[in-house]
Amino acid sequence: MNSNYEKIIKSAHDLRWDIGGDFHEKIMESLYTDASRIADRAVTHPGDTPRFDLDRTIDRLVTSRIWGFPLMLLLLTAVFWLTITGANAPSGLLYSLLIDIIHPFLKSVFANLGIPWWIDGVLLDGAYLATAWVVAVMLPPMAIFFPLFTLLEDFGYLPRVAFNLDHIFRKAGAHGKQALSMTMGFGCNAAGVISTRIIDSPRERLIAIITNNFALCNGRWPTQILIATIFIGTLVPAHLGGLISALAVVSIALLGVLLTFVVSWALSRTVLKGEVSTFNLELPPYRPPRILQTLYTSVIDRTLVVLWRAVVFALPAGVVLWVSSNLLINGVSIAEYLVNFLNPFGLLLGLNGVILVAYIVAIPANEIVIPTILMLTVMMSGVTGVGAGSGVMFELESGLQTLDLLTMGGWTLLTGINLMLFSLVHNPCSTTIYTIYKETGSVKWTTVATLLPVLMGFVIIFFTAQIWRLFTG
Amino acid sequence: MKKNNQVEIIESQDQAGCATCPVHHAANLKKLGVDMGNWDFVVALAGNPNTGKSTVFNALTGLRQHTGNWPGKTVTRAEGGFDYGENRYKLVDLPGTYSLLATSLDEEIARDFILFGQPDVTVVVVDATRLERNLNLVLQVLEITHRVVICLNLVDEAERHNIAVDHRRLARDLGVPVVPTIARYDEGLEDLLAAISEVASGETQAAPYHVKYNHPKLDQAVTQLVKQIEESFPDVPNARWVALRLLDGDEKIIEAVKNGDLGELTYNVEEMDGLGVDTVALKSGFSL
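Respectively, the protein sequence lines represent chains A and B.
The first sequence begins at 3 in my numbering and counts up by one.
The second sequence begins at -1 in my numbering and counts up by one.
Hints in this document: simulated from the structure, not taken from any laboratory.
Some hints here could point you the wrong way.
Said to hold, decoys possible - The following residues of chain B were derived to be distant from chain A, with all beta-carbon distances above 12 Å: (1) Asp38; (2) Asp81; (3) Arg86; (4) Glu188; (5) Gly200; (6) Thr202; (7) Gln203; (8) Gln226; (9) Ile227; (10) Pro235; (11) Asn236.
Stated by the list, open to error - Lysine to any residue pairs mimicking SDA-like chemistry, simulated, CA-CA at most 20 Å apart: (12) A:Lys28 x B:Asn212; (13) A:Lys9 x B:Gln222; (14) A:Lys446 x A:Ile462.
Because the structure is a prediction, the values reported are computed rather than measured.
A virtual CB, placed ideally from N, CA and C, is assigned to each residue, including glycine.
Throw the hints in and build the complete structure from the sequences for me.
Structure follows, in structure tokens:
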């Protein structure tokens, strides 16, 4: 080490004693004084102040103790209701285009070219149908949901949500800024985990990372929306279906928020004890959303990005599914073996083997859970007349048809509810796990963040199933 | 004005995350790799959270990344580039911070870049509706470097709130160029680019304002330390600021003096992250 450098440090140290203790405050004070003086000289207020301050009035309403939460719920429900009711027609249209028209056409082209059945199977019945399914099921709700969500964000509403939730996080022993990283997690948990960098205390940051998975992400919204539509929405008269489904999805999302608080609280009382830090949360001014730009960015950045990711994972998954359900050992396909093996365990939990297999297949991306479930269900229940038969993804023109199919596959309302619960509380996707590892640099905490939710999920759906069976006999 | 929409994205050490990131497939992205040598000037973009830094960044680089109306959107650096006049500029979007005292990771990233990355120009984006609070950061940046351009953003909003900012007076008081802009609607960016290029080329010589401490003992101590620092680190342009940080007991700066990093003009900026940066994924709010 250079001795000159040492000398500098030493004299700085000595001089610090010389100057006295109020040094730091003095510097900050001078800084603020000068900033304020310079600002004062430059700023003028032409004319009178406006009588009515719209921003402040809105703020008073959306962050009010009484109206804050109800307004938040109302907005969320409205967004989902618009998504669910709006997505129906375009989804049906995409089905008939991609699956009724293009798929048979491709089949006939392949047949005319004399391409072997297994190539045709892998490419058209595996890869193409999986992809077409993902596009048809995910594109319409995303194309409605993301622009709406982005508009809320652009308008400046999200920090108000954080403001409303802040004191609850503090009570749970977590950092108030966790409200922001959680909100980010509603988009993507990997992004949510990265955004915890705004939290400076390592203890609180770990809590935020571990609990981020409870924020329902993009990959899981479509599952929630579909299952809610076909299982919950059909319990009530048709005109109420959309609203009730939307409320079901909102409840699941809120359950996620509740779990975030509970787990944060438990962690901060046990393995991650410590002081709660304070911070300033600035409420940005409301800005009129730039509608066109918002549409553009939410379609490009969010909708297409998420869709692309789903497609990228659906292609190989379709191939794997087709192969595993067409490769027979002793007359039984590999997929069937696996499903039968997991079935007893699944039924005990109020799910079934098909769902568990789907969640294993979907570790890389939650987006493909539903297509996988439907395909395996068709294969396992031997339903005919839907699609082209065993191991082939198929067309379903409406939610009701999906319901019929799943009921034939032995599904009940309990299966639907438990699937929604398990979709909320299970291990993070592989991208998020990898991100957690990169951010924490710790195998231990990555393991905790991965296994804790999946174990909690098993416990929650197990008890839901037991209680359900107790009451329904 | 000639603008090239060329953008590079900092690659994380392990590409597994980014390679599948669909943002890479967008037509306007052209990865140039991290090659500082190709750029004539490096421009850093600093500012308080939610002042529109990312909007300015997008407007200058042609990137259409998602910008959000909430503080804390950018917690790592994003990089992009543009051509202006004869020169190529690399633009680095720093996390929004209220100060440069490095009490949290985002503040540290911002400060380390301005200090060690030694950008040719540091643009501080300032919210015209909250000038006083924003000036706290500006004054701290001016302590570190005099190659500063102030981008007085959101003047339309200030007007809406019945606030007028005299940017000429501000420029005189601060001793650096001040350019009023409305980045959301691309207004004033031409002037901003001109100011950046003038500071970068040295046409504009700034005489930045330094905070007055009115503390004789402190002034004495600073003078003494500055002398020592300048002897050991002749290349350090901001000895006064280093002295103040040393007196304040800033661990990071003490460390930098101890191992001589302070003298390294070519501080390896990429190493500074060490976090694996998936900036684009983060900024767009979505998955990898």
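Verification of the hints:
{"no.": "1", "hint": "Asp38", "in the structure": "holds (30 Å)"}
{"no.": "2", "hint": "Asp81", "in the structure": "holds (24 Å)"}
{"no.": "3", "hint": "Arg86", "in the structure": "holds (26 Å)"}
{"no.": "4", "hint": "Glu188", "in the structure": "holds (20 Å)"}
{"no.": "5", "hint": "Gly200", "in the structure": "holds (25 Å)"}
{"no.": "6", "hint": "Thr202", "in the structure": "holds (20 Å)"}
{"no.": "7", "hint": "Gln203", "in the structure": "holds (20 Å)"}
{"no.": "8", "hint": "Gln226", "in the structure": "violated (5 Å)"}
{"no.": "9", "hint": "Ile227", "in the structure": "violated (6 Å)"}
{"no.": "10", "hint": "Pro235", "in the structure": "holds (17 Å)"}
{"no.": "11", "hint": "Asn236", "in the structure": "holds (15 Å)"}
{"no.": "12", "hint": "A:Lys28 x B:Asn212", "in the structure": "holds (9 Å)"}
{"no.": "13", "hint": "A:Lys9 x B:Gln222", "in the structure": "holds (12 Å)"}
{"no.": "14", "hint": "A:Lys446 x A:Ile462", "in the structure": "violated (24 Å)"}
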